[in-house]
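J.: Here is how the chains run, residue by residue.
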Amino acid sequence: MIAPNDILRDAEAMRWELGPRFQDEIAARVSGEASELAGRHIHRRGDGSRLAWQRRLDRILTGRFTGIPAMASIFALVLWLTIEGANVPSGMLAELLVDTLHPWLKTQALALGMWPWLAGLLFDGMYLAGAWVVSVMLPPMAIFFPMFTLLEDFGYLPRVAFNLDRLFQKAGAHGKQALTMTMGIGCNAAGVVATRIIDSPRERLIAILTNNFSLCNGRWPTQILMATVFVAAVAPPAVAGVIAAGAVFSVAVLGFLFAFACSWALSRTVLKGESSTFSLELPPYRPPNLLRTLHTSLVDRTIFVLWRAVVFAVPAGAVIWLVANVHAGGQSLAWWAIQGLDPLAWVMGLTGVILLAYIIAIPANEIVVPTILMLTVLVSGSPVADAPAAGVMFEAEDSALHAMLVSAGWSTLTAVCLMLFSLLHNPCSTTLYTIQKETGDWRWTTLAAALPLALGFIVCSSVAFVWRYLAG
Amino acid sequence: MSTCAPTACDNCSTPYAELRRLGLKTERVDHVVALAGNPNVGKSTVFNLLTGLRQHTGNWPGKTVARAEGAFDLDGKCYKIVDLPGTYSLLGTTPDEEVAREFLLFGKPSVTLVVADATCLERNFILLLQILQITTRAVLCVNLVDEARAHGIDIDLRGLSRDLGIPVIGAAARRGEGLQELLAAIRDVATGQFICERRVPDMTPPGLRGAVEELSQKLRTAYPAMENPSWIALRLLEGDPRIVAALKNGEFAT
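Residue numbers (my numbering), protein chains in the order written: chain U, 1 to 472; chain G, 1 to 254.
No lab work stands behind these hints: they were computed from the structure.
Note that the structure is a prediction, hence the values are computed from the model and not measured.
Yeah, the Cβ is synthetic: ideal placement off N, Cα and C, and Gly gets one too.
Be a bit skeptical, because a hint or two may be false.
[What the hints assert, rightly or not] Below 35 Å or equal to it, Euclidean Cα-Cα: the simulated DSBU-like pairs (lysine-lysine) are:
id, chain 1, residue 1, chain 2, residue 2
1, G, Lys25, U, Lys437
2, G, Lys77, G, Lys108
3, G, Lys248, G, Lys218
4, U, Lys437, U, Lys170
5, U, Lys437, G, Lys218
6, U, Lys170, U, Lys272
7, G, Lys218, G, Lys108
8, U, Lys437, G, Lys108
9, G, Lys25, G, Lys218
[What the hints assert, rightly or not] If you want a taste of the chain U side facing chain G, the calculated C-beta under 10 Å gives, among others:
id, residue
10, Asn5
11, Phe22
12, Leu451
Just need the whole structure built from these sequences, with the hints factored in.
T.: Take a look at the structure:
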């Protein structure tokens, strides 16, 4: 019988005699055998024509000068199609769910003798929040996600990483961060999980802390709404869609710039170190399987994210209704909170309603827009039935929504600051929970929340200050 | 390898009579299949094809960050399949490579299904050859043969199978092409109907042969069931901490 320890001792002794570095010799033998096998059994017939078009396409999409402009145009086009395409279905959904079904449900419930407060909580609160989330989010997501998945299946994402690698490297971060940031466009929590593809712990932390700077799908509706209702409203109707897409695109690009800047700052302070090298394989372009793409993007992404939004929106709807209807000292709780938040909000170019909405919407960014709308309506005291239909949301002209928000004290400055704050604020609680799980350290989690929040305060306040100064 | 005559089943929506996709149900396990390969060769597509699961696939390397498990039923036997992260090698120290190597060594797979990209097989052979040093019970799935055809690449699958000593199947997993043959090969290797042979030459450098032979002799005496004593011996000579620990903790079957 031979004990394991004897074998280990023998191995130890022999290792000294053999000397180091036989690894390379083995590697050389393996690759020699690989090419021998290939030589014997693989035959190429001429130069495949498909390879040629792939090479030509790569010369444009990953070219030194054409790569980044091509990337910008592709993403701008995707955004524009999303904004233009979401108009009509969003209006129809809102008409059905908010304008028609909501009053009908409430009347039926009251006719059946339901207590008015319960009907208010159920239908003015919970149902309406859910209905608004669906009509605001479903159409843009159902357009955006399939297009994004098509690009992914086509093989474009590694090219994005390739194009941005130089920039990330200059920022002291890992080139694969470009991939995790693009995943963050879908959902930051998913982006944080995707950072597992980065091997170096230092660069992985940078990627986790800055993932929040890629706008997640929960924040696109806020961006799109503000851009169409306020920013595009100052442009001629013919180019309104392009202007709106341009505004949203700029915010998204700004997010990437903040990601570079923060990565740079982090890699020179708390997370010092050199950026590691890696090899990235550019896969061949593959024609996406249309049916599969539709399935993955609709079922796995759109419905999944939408369901999550509804799950968070329904209890939030109850909270919104309660803070607007429970009174203390002659005023509703919401009124007190808004009064308290107003001074801070003014400095940041926002309103107290927006800040309150962001506190209520910590569980999910998706519900920020419905929360703002519901709070505005409930606090201004007008009955919910008279609220402007969310259907006009994506139409800049003759917008009842525009009128309502202006009467609630909004200006273009408010919209711009809201777009910026939507980019620069703490991640949602799901993402924070994921960060805590992935880093296992509450200090990094705190930093991940505090960093964008501080930036958001600084940026919004500066913009508001300059804007007001210029406006006199 | 068995080929079936066309039957009525070929016309129904699932033309694979023997296969039942079990999704996540892995209670009963008769055979364990490890799914290995380079990044972005379609491992997850093969995985989904076999299990009926919808593990997200995408055209970029590094998609599968942890290992995923699923199950399928083949001729009444339950197979658990483990989708390992894609790697170029098994000898490195990245977490992906460690996960893959750990499973191949200690997960006791009955069959290792190596998925390779037909358009760049030579590069894929490196991992395959490393795997064949660890286990001979393997099946090579040459995926994306449709793309290779379009690129004008001819692959002699029979010749490869002869030289490697394992079944070699051409497939286009996204279209379900080659599934039937792949299933038969997995079943044949798992049940011992196909006996894989070690035809790939020993990669041990000549200067090391004596030492490796001496050590593997001892390993063979101590652990008669060990499948790959010379590979383990080589790792021990190198001082691989994981293998040393496995020996100390008695993780190798005696």
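J.: Each hint should be assessed against the structure and marked as holding or not.
T.: Structure-based check of all given hints:
no. : hint                   : in the structure
1   : G:Lys25 with U:Lys437  : holds, 27 Å
2   : G:Lys77 with G:Lys108  : holds, 17 Å
3   : G:Lys248 with G:Lys218 : holds, 15 Å
4   : U:Lys437 with U:Lys170 : holds, 29 Å
5   : U:Lys437 with G:Lys218 : violated, 45 Å
6   : U:Lys170 with U:Lys272 : holds, 13 Å
7   : G:Lys218 with G:Lys108 : holds, 22 Å
8   : U:Lys437 with G:Lys108 : holds, 30 Å
9   : G:Lys25 with G:Lys218  : violated, 41 Å
10  : Asn5                   : holds, 8 Å
11  : Phe22                  : holds, 5 Å
12  : Leu451                 : violated, 25 Å
Hints 5, 9, 12 from the earlier list are contradicted by this structure; the remaining hints agree with it.
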